[in-house]
Amino acid sequence: MRKTKFITGGAVIAAALAYMIYAGVTQSAVYFVTPAELRASAVAGKAYRLGGMVLPGSVTWEPRTLALHFTLGDGTATVPVRHKGTPPDLFGEGRGAVVEGTWSADGYFRASLILAKHSEEYKAPHDASQAGYKELIRTLQGDGR
Amino acid sequence: MIPELGYGAAIVALVLALWGAVTAALGARTGRPALLLSAQHAALAVFVLVTACFALLTYAFLTFDFSVRYVATNTNLGTPFYYRITGVWGALEGSIILWTWMLGLYTLIVILRHREGARELYPWVLTVMLGVLAFFLLVITVAAPPFARQAPVPADGRGLNPLLEDTGMITHPVALYLGFTGLTVPFAFAMAALITGRVGDAWITLTRRWTIIAWYFLSLGLLIGGWWSYHVLGWGGYWAWDPVENAAFMPWLTATAFLHSVMIQERRRMLKLWNISLVILTFSLTLFGTFLTRSGVIASVHAFTQGTIGAFFLSFLALVLLTALGLLAVRWDALHAQGELDSIVSRESAFLLNNVLFVAATFTVFFGTVFPLLSEAARGVKVSVGAPFFNQVNVPLFLALIFLMGVGPLIAWRRASFDNLRRNFLWPVLVGVAAAAFFFSLGVRSAIAVLVLALTVFVASTITVDFARASRARVRLGEPLLPAMGGLLRRHNRRYGGFGVHLGILIIAVGVTGSQAWSVQTETTLRRGEYAELAGYRVRFEDLTASEESNHFKVAGAFTVSNGRGLGVLRPAKKFYPQETSPIAYVDYRLGLREDIYLVLGDFARDGSQATVKFQVNRLVSWIWIGGLVLTAGAVLAILPEKKKAA
Amino acid sequence: MSRRAWRWLIPLSALPVLALLAYGFRVNPREIPSPLVGRPAPGFALTTFDGAPLTLEAQRGKVVVVNFWASWCYPACYEEAPVLERSWRAYRDRGVVVVGVDIQDKAEAAQKFIRDFGLSFPNAPDPTGKVSVDFGTYGVPETFFIDRRGRIRAKHVGALTDEVLRTRVEPLLGEPAG
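Just so you know, the protein sequences line up as chains A, B and C, in that order. Reminder that position 95 of the first sequence reads as 95 in my numbering, one-by-one numbering, no gaps. Reminder that position 60 of the second sequence reads as 205 in my numbering, one-by-one numbering, no gaps. Reminder that position 55 of the third sequence reads as 847 in my numbering, one-by-one numbering, no gaps.
Okay, chain A solo, but in the shape it has when bound (with noise of 0.2 Å):
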C-alpha cells in the first residue's frame, strides 16, 4: 500500500535526523562549569566552557608571543587560563569571562576562545574631563615619531 511505503519513508528520515542529531550533540556538546565545578570533576580533552571573574592582577600579555595568561576565580576556586591571541575588547582584569576550551593535562585551562560579556546595565568609572583619552591622543601623535 502506498500509504505504508510513505510512512517507513518518512520513519527512516526521522530516524536518520534523530542519529545526526545525537551524534551532533554528543560530540560538540559544552559543559558550563565554574572554576570550583572545573577543579572537582575535569577531564582532559574534554570541551568546557568555564566562566568566572578574571581576578586582578594576574593577567600577563605577551604581544610578540600573543601569549595571554591569566587566572579565572569564583570564590572559592581558581583556574589558570592560556590562551593565544589578542584579548577581546570586552576582556579586562575584575571582569567576568567565559572561555571555551579543554583542560590540559599540565593543569591549566587551553582556552580556544574567550566569550565577550557585554552587560547593558553598566558603566565604567567615568574619567570626567576624558584626560585619559587625550593623554593617549598626544602620546600617538607628539613624541611616538
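Treat the hints with care, since some could be wrong.
[To be verified] With a straight-line cut-off of 30 Å between C-alpha atoms, the simulated DSSO-like cross-links for lysine-lysine are:
id : chain 1 : residue 1 : chain 2 : residue 2
1  : B       : Lys527    : A       : Lys84
2  : A       : Lys46     : B       : Lys527
3  : C       : Lys922    : C       : Lys904
4  : B       : Lys699    : C       : Lys904
5  : C       : Lys854    : C       : Lys904
Since the hints were made in silico from the structure, they are not lab data. Computed from a prediction, not measured in an experiment: that's the story for all the values here.
Got chain A sorted already, so can you dock chains B and C onto it with the hints?
This is chains B and C only, laid out in the frame that chain A set:
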C-alpha cells in the same frame, strides 16, 4: 507634553484595534457591511496613530528630550543627527513601535487589496490582523512603554550602542521586521480559512504574493545581518548560529518550505493540512523569535534586556498556538481529505521531500537553540551546543536540498517516466559529474566543497536546459532569440523568477562553502615597518594615529597592503566611547570577487611603536552578497503581475 | 479513543514546548561571582555629604548594604535609587543600614542626585577612590551585602530591584551578630 501625547495615541490605538477586531468578527458573522466598514476605519485610524507615535518618538530623539527614559538610554549629546533618527528603533521599546507600524501598514494594504476580492475570508483576515496589532499595542502601552518619563532628568544621556552606528544596523532590523510582520498576512488568511471552513485553494492563491514578499524581506534581513556581522563585529564571520540568528532563521526555513508546498496544493489540491500547519508554525516561530530576543531566556551575546515582556510574548505565543491548532483540529475532516501521491519519482514527491528536509532543518536549529534549557531541565547540567553541531547536522540536509533544486522544477508531475528523466537530467548529471572530477583535479580535496560545486553545476545545468529548450521552441515558431527569451521570462515570470532565486541561493552556497573551506588567517604583533605575510599578501605596519570624533576617540593603525603590487593602505581602528566599558573594533577590509583582505586592530603600544593585528584572507565571501542581489532580481521577477497572452 | 478525538492531540502537543520555554524563564543566566564573597569587608572611614563621619566599624552588628553609585550613571543608578530609599525606610528599624558611596563624581551633581531622589540614608563621596578599589568595584552601580559579623555575603552588579534586595537582606537578618 510630547511623550504624553505619544502615550495617549498608543492607548487610543489599542482601544481602536480591539474595537476593529471585534467589529470585523461581528461583521463576518452577521454579514453586515456597516460593521466591516467601521473596522476598516478603525484600522486606518490605528495606522495614523501609530505613525504619530513613531513621529513623536523621533522628535523626542531629535530634540534630546532626556526626560523620556528611552531617549536618555539611547542617545547622548554627542550622537550624530543621522543616528538619532535610526536609533529610534535601536533598542527594545522602539523596535516594537517599528514592528507595530509595519503591521499597521500591511493591514492597510490588505484592506486596499482584498476588500473587494475575498468576500468570505476578508473580514476574518482583518480580525486577525487587528488582533495581532492589539497585542503589540498592548506591549507598547503596558510592558515596554517607549514614552516612560525619567525623573529626575539626567543632564546627558547614555548614548547609542556604538555597534549600532552603522548602515547595516539601520537596514537590518527594517528588512527583518518587514519579513516577520509580512508573515502575519498568510497566517491571517489561514486563520480565516479555518474559521470559515473554506480550506480550499482560495486562501493560498490570495497569499502567494504576500508570502514571496515577506520571505524576500526575511532573506534580505538575514543577508544584511550577515554583512553587518562580517564588517562590524570583527571576527571575520557572518553567521555564528547564535540564538538570535537562529530565531530569525527558523521562520525563514519554514516559510521557504511553505513557498514550495503551496505549489503542490495549487496544482494537485494536496497537502492542505500540511500547508496550514506550516503557516501556523511559521507565524509561531516569528513570535518565538521575538520572545527569544527579548526575554533573556537563552543567554546570547546580543539579547535585549529582560523583564515582563518575555511573559507577554510567551502568553501570546501560547494563545496563538493553542487557538490555531485547536481550529485545525476542528476542521480536521475538511483538511484531511487529500489526494494520494502516485509515485515517489514525481514532482510532488520531490517537493514533499524538500519540505521534509526544511522542517528537519528547522527542528535541528530549534533543538540546538533550546538544548541548554533542555539539559538544565532534565539533568541540572548546563550544556550548550555550538556551531559544529548545527553545521554537522544541517550541511547534509542543505546538500540534499540543493540537489532537489535541480530535480524539482523539471521532473514530471504524478509519475516521471524514464524518458522524461533521461530527457531532462541526463545532460545535467553528466555535466555535474564532470564538474566534480574537474574540481577534484584542480586540487579541491574537501568532499563537501566538491559536492557543493558539483551540485551547483548540476542545478545550473538543469536551469539552462529548461530555458534553452523553451527558447528554442519559441525561436522555431519564428521569434528572434532575444525577444523570445525576454518574452519567456515575462510570460512565465513565476517559474523563471523562481529559477533566479535558486541561482541566487546557489551563488550564496558557493560563497559560504568557499569561505568555510579556504579562508586563512593569522595574528601577529608588528613593530613599525615590520610586515606579515599570508596567502601571497604582505601587510606592513606603518604607524598609529589618534583622533577625536564627535562622540568618540579613535586610534587607527595604518597598514600598507600589497601582493606584488601595492593595494593601498588599510586603517583598522579601535573606537573609544566614553559611555562604553571597552573599545569597539573598527574593521578595515578590501573586498574582492575571489577573496577579501580583512584587518582587525588588536592591542597596541601607547607610544605607537607596535601593534597586534589579526589578518584574514577570506575567500569567496563576496559571492554571498552577489548571490543576494541575484536573489533579489529573481524575487522581483516572480512577483510581477501575471501577463495575459496577447491574442 | 475514537478517530475524532485523536485530532485534539495536535493543540495539546504545543504544551510541552510552551512549558519548556516558561521554565527557561526562571533560569537566570547572569551570575557573576566575586572573589570577595565570604571575606571580611574592607573597612572604610568617610565623611557624608552632611559632614558626619561614616565608618564601617560603627555599623558592626547590623546588616550593611553598601551601594556604589554616581550621578552620571544613567539609567541604572536612577532606577535603583528609589529602591534603596524604600528599603532603607522599610528595614532601618530592623537593624539594617544602607550606605551610599559616591565615586568619581562632582559634589554639586551628587548632592542634586540625593535631593532629587530624596535619599535619607547616609551618602558619602569617595574622593581618593580608595574605598572603591578596596571593594574591587569595576563600575557602577555595584552593591555589597555585609552580614552582622562584617563579612561580605553577596555582591550585586547593576540596578537593584526590591526583589533582589529583599532576597539578599532577609536571610542575613536572621543571623546572630556574635
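For this session: Please name the hints from earlier in the document that this structure breaks, with their numbers sorted from lowest to highest.
Result: 4
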